[in-house]
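Student: Residues per chain, in single letters:
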Amino acid sequence: MPIMSRRSFLKTSGICTAGAIAATYLPDQFLLWAGEKGLAKTEKITTYCEMCFWKCGAIATVVGGRVVKLEGNPLSATAKGKLCGRGNGGIGLLYDPDRLKHPLIRTGKRGEGQFRKASWDEALTHIADKLKKIKEEHGPESLALFTHGSPTEHFMPLLQGFGSNNFAMPSFAQCRGPRVVGYELTYGDDIGSPERLDMASSKVVVLIGSHLGENMHNSQVQEFTDAIGNGAKIIVVDPRFSVAAGKAHHWLPIKPASDMALILAWINIIIREGWYDREYVAKYTHGFDKLAAAVQQYTPEWAEKETDIPAAQIMATAREMGLHRPAVCIHPGRHVTWDGKDVQRSRAIAILGAILGTWGREGGAYLATRGSFPAVPPPSFPASNRPTLKKGGFPLGGAEGVTNAIREATSIGEPYPVKAWMVTGTNLLAAMPGQKETIEAISKLDLLVVVDVIPSDTSLYADVVLPECTYLERHDGLIIGKGRALSASIRQPAVAPMYDSKPAWWIAKELSKKLGLEDYFPWENFEDRLNELCLTYNIDYDELKQKGVISFPDTAKPFITADNQPVFKTKSGKIELYSKELEELGFEPIPAYEKNEEPPQGFYRLLYGRSAVHTFSRTVNNPALNELYKENELWLSSVQARKMGLTDGQYVALQNQEGITSNRVRLKVTERIREDCVYMVHGFGQQSKGLTKAFRRGADDQQLISSYPVDPICGGTGMRCTFVKLVKGA
Amino acid sequence: MPKYAMVIDQRRCIGCMACIVACKAENNVPPEQFRTRVLEKTEGQFPNLRTELRSELCNHCDNPPCVYNCPTRASYKSRLSGLVLLDKKRCVGCKACVAACPYDARYIDHNKGFADKCTFCDHRIKEGKEPACVATCIGKSRIFGDLNDPKSPVRLALKGHHAELPMKSAGTEPRVYYIRRFGTE
Amino acid sequence: MELTITGANAMTNPVLHIWDWRVSLYLFLGGLSAGLAVMSSLMHLQKKEDRIPAGETVFMVAPWLVPVILGIGMFFIFLDLDRKLNVFWFYLTIQPLSPMSWGSWGLLLFTPISLLFAYGTLPEQRREWLYRLPFMDDLATWVKPRMQYLALANAAMGVFIGIYTGVLLSAFVARPLWNTAILPMLFLCSAMSAGAALMIVLAKDQCVKLFYTKVDIGLIIAEMIIIPLFFYGQYVSSESQRLSIMPFFSLNHEYLWYTASLLFIGVIFPLALVMKLAEIKECHETLCSSDILKMNLSAGLVLLGSLVIRLTFVYAGQISKLV
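Chains as they are written, first to last, in my numbering: chain Y, 1 to 730; chain B, 1001 to 1185; chain L, 2001 to 2323.
Hints are all accurate, no fakes.
Cross-link-like lysine-lysine pairs, in silico, DSBU-like; alpha carbons within 30 Å at most:
1) Lys1129(B) x Lys44(Y)
2) Lys1089(B) x Lys2084(L)
3) Lys2084(L) x Lys1077(B)
4) Lys132(Y) x Lys391(Y)
5) Lys1041(B) x Lys255(Y)
6) Lys117(Y) x Lys436(Y)
7) Lys69(Y) x Lys1077(B)
A partial selection of chain B residues facing chain L, derived with a Cβ cut-off under 8 Å:
8) Arg1037
9) Ala1096
10) Gly1113
I should point out that these hints are in silico values taken from the structure, not numbers from a laboratory. A virtual CB, placed ideally from N, CA and C, is assigned to each residue, including glycine.
Work out the full structure, taking the sequences as your base and the hints as a guide.
Tutor: Here's what the structure looks like:
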């Protein structure tokens, strides 16, 4: 006699199946309701976001093991209780079906995207064996690390323990490096990331090429809107009528690549008219007279010819700045790698801020907190007797490394061969100009390992692809905030890693075991490490977990007062308007104007920027964000469109001067841009088929940037010097 | 009874679209469908341009055409909160409410077939929180509160500025006010 | 002016598109059955039922067609519902301000009235086989003396349905093309005209055919007055209303169908009118087959015109919006 009749078996199994299916597809709102009624477990987990690099403190609402909502942590200085569109859309990344799920080992040719699934053990052993072989044959320095974001903290000890110091972060030579160098030369310190701008109290906000608002730096945009709300005068210098320009009292549609002329003219006018802060200049700066003499030639009339901005407007905007000093926020820019002269232009901007007395003053740039946690002595890494490649021979190559230098060294095999790359948290093909050079360099490698969350274009070239879980599923290093006040932020998993993905700390640690480097990871799991750190820092770990952010408001001393004097870590101990250091290195001690090439007839300068709902190439496939902006568009002046017989919404392709042709892109015919340039949002035109939503949507601007000037001071690649023409019938 | 309303300070909207994403996550809105939207309108000729950023959503009108056109009373004006809400179990999917709304605030949920729209996150209001779009608004452009409370953020915002109601002539008595200062002023 | 909208719903942007041919077909069939109800009740209303020529079946066929056509129409509108299983909610609430609610209750009332009337028009012989069913005998007895009331009720419901199909659309302030008091009148006229046209096609007797032809002529003339008045009314109203009629007068390929339908209506109604006027001249002569063909053709044109009006208005109304 069977225990259960056939009918009741079918009934029960049917109900169970239905129940299981229902549970999988239960809408989040049901889960929320169930959570409220106490039927399903609801938790609020604090973490910090990784949808971009601003690292906003976030709170994840988890119901029944599913993240249903992300909100900003009110205690976080970068979030101030709010998350931007990307932050809100983190759930889309977590549940993106296109995510990397298993370690992959390449089966086809590099770039074909043919892989087979592998176990972690197999994949890591494969990597370790190859690395050992490379170390034997070519030495440990043959391994280079390209990294960005939170994986950096985990893979650096691995790299350095292995014996190499060759690492680079694209954020330096492809983004803010020149600004960091420019400000360090001037003030002895970078202006910070996030930038230490006291915008909410500014009376004038000056954006030079910055499209704040479309580049969604959470707290900075919040303060920008505060400035707007407070009636601050907004001055926007941009060849395109950006969203920020739409808020501006003065929009200066500058001729692209002539910004230096404008800045130098402003400095000249401000000095000439006496609109500078005499006391401040006398007390805190060095080289004012030399500066005044050097900029005399840059009259507004001269600048008008270079920039296409009427002299009267140059005067008027200088006056605004001068009259409202020092509560003037001259935005230093962030992505400043425009024309290979970017250190000098950043210096010029720094100098402008300095003579207006804005550094350390309300409404200008506030001083960093001097608070700090007790130092944790770094482990001792093996010394290398070979020079590091990361500076690339650039005198001020930067602590973060010059990516293009390592790439070049890999290509030519000089001064020594680089045979292995690890790429973690960055999509090199989209981040670096000269895609052909990147592919060429990769062809010289014996091993390319890519650690990523989604199957990026770079992962197509990897020998081994390792799936990192998303930021919502892992622990990462503490973020030490050194803005206004000292703070520490935690990242902890909201849910367990999905599929076979693993946190970066685990990947690094497991790999270290196979390389005999586990001493550099002297903890069982990363939470132990965090616990340790908190002990050292004298922070209550449980409190940190619960609050997400612990700050020390007493450490905030943002403005210059009698007993809070600024410290300038320059040679002279003052703000160097005149840079002896640069002079000694053979560069202009005071920024000078050098005219940039203009596009030839029939070509336009290619400009690129950001979308408020996307972060470079990493969010294009995110279902929550993709539906708001599926493909980028090419902004083209309506006058030019009429001349060429092109209409809004038509598809064209772009071709650069070397004949490289882009994917088709939709035209946005608009009044909002000058006639000599075109603009599009960066991060589209992706070639990886695994990204089902992003695949071949829109055009890739980076593909067209095949030749680029390099800043001789720091190695930054100037990426806004590409000229393109439009190809119809795409 | 509270009179919930919103004020949109268009000067402060920076077009970040966070409101759209937050609303979708909070209310489980199906893909490709939206309860709120952001318009970017540019007028003029280079270089004399002006841009208006404007977020739109259900206005929870006091004379709502969607309520009196609904044949089954699925669309109703709550007597407790004054919000225009939906009793989904009664909805037949006739789409009269979608046609009736002058603000294009409604849509038919393409998974379930019933009409749906912004509810001012009344489930959050009950917990004393602001609607999801307001809570996440980076520019602090969306302001929410009770018009009957003189100290509420909406009353304070309206005190200081001239605000307009959208399509007032339609006679719907909407509750979302727009402070329409934008551009270079 | 450059406009970018992020977060627009496809069904309301760039224009509303929620209702399609199914709704238009329902409006047409509803109007047709309403018109048919009125037209087929005329004899009983005027107490001329004994003057019905022998062999004329239309007065007992048409009343049955009323609920059938209505039923088909309701089937199509049912298809348009996105939550069909909830349809019973229509009948659990009365919403006095919702024309859809009037319609659902009205149709609920219309069906039995039209069935009763239709039953009443059946001659004795035809009824006998129904007497096998319980109550049909008693029902026949009950119905017989009340035929005039039933005819009145039938006609009244017909007028109500004819008007209500127009009110359905005209109640929306958000759709300026529809939001006019003349629309229900237009739809009523069009519905009556369609009913008359169908009577012409169904009728066998020449005099009946000619009678309804005269009725139809009057109705077509009324329509030909109402339609230009409608456009005039929109033209002298506010901007939204003026813009709403622009697609009809546009040479843009985008609005091809609207301009074409306006031309079509502007052509076929006069054409049908002319044909019918010609037919009247031939009264009291035996109708040959070519005459019958012409009559049916002109009636067909009227029906087609009625359908085109519904289709055009449903689609054109959705592309209109308040500015």
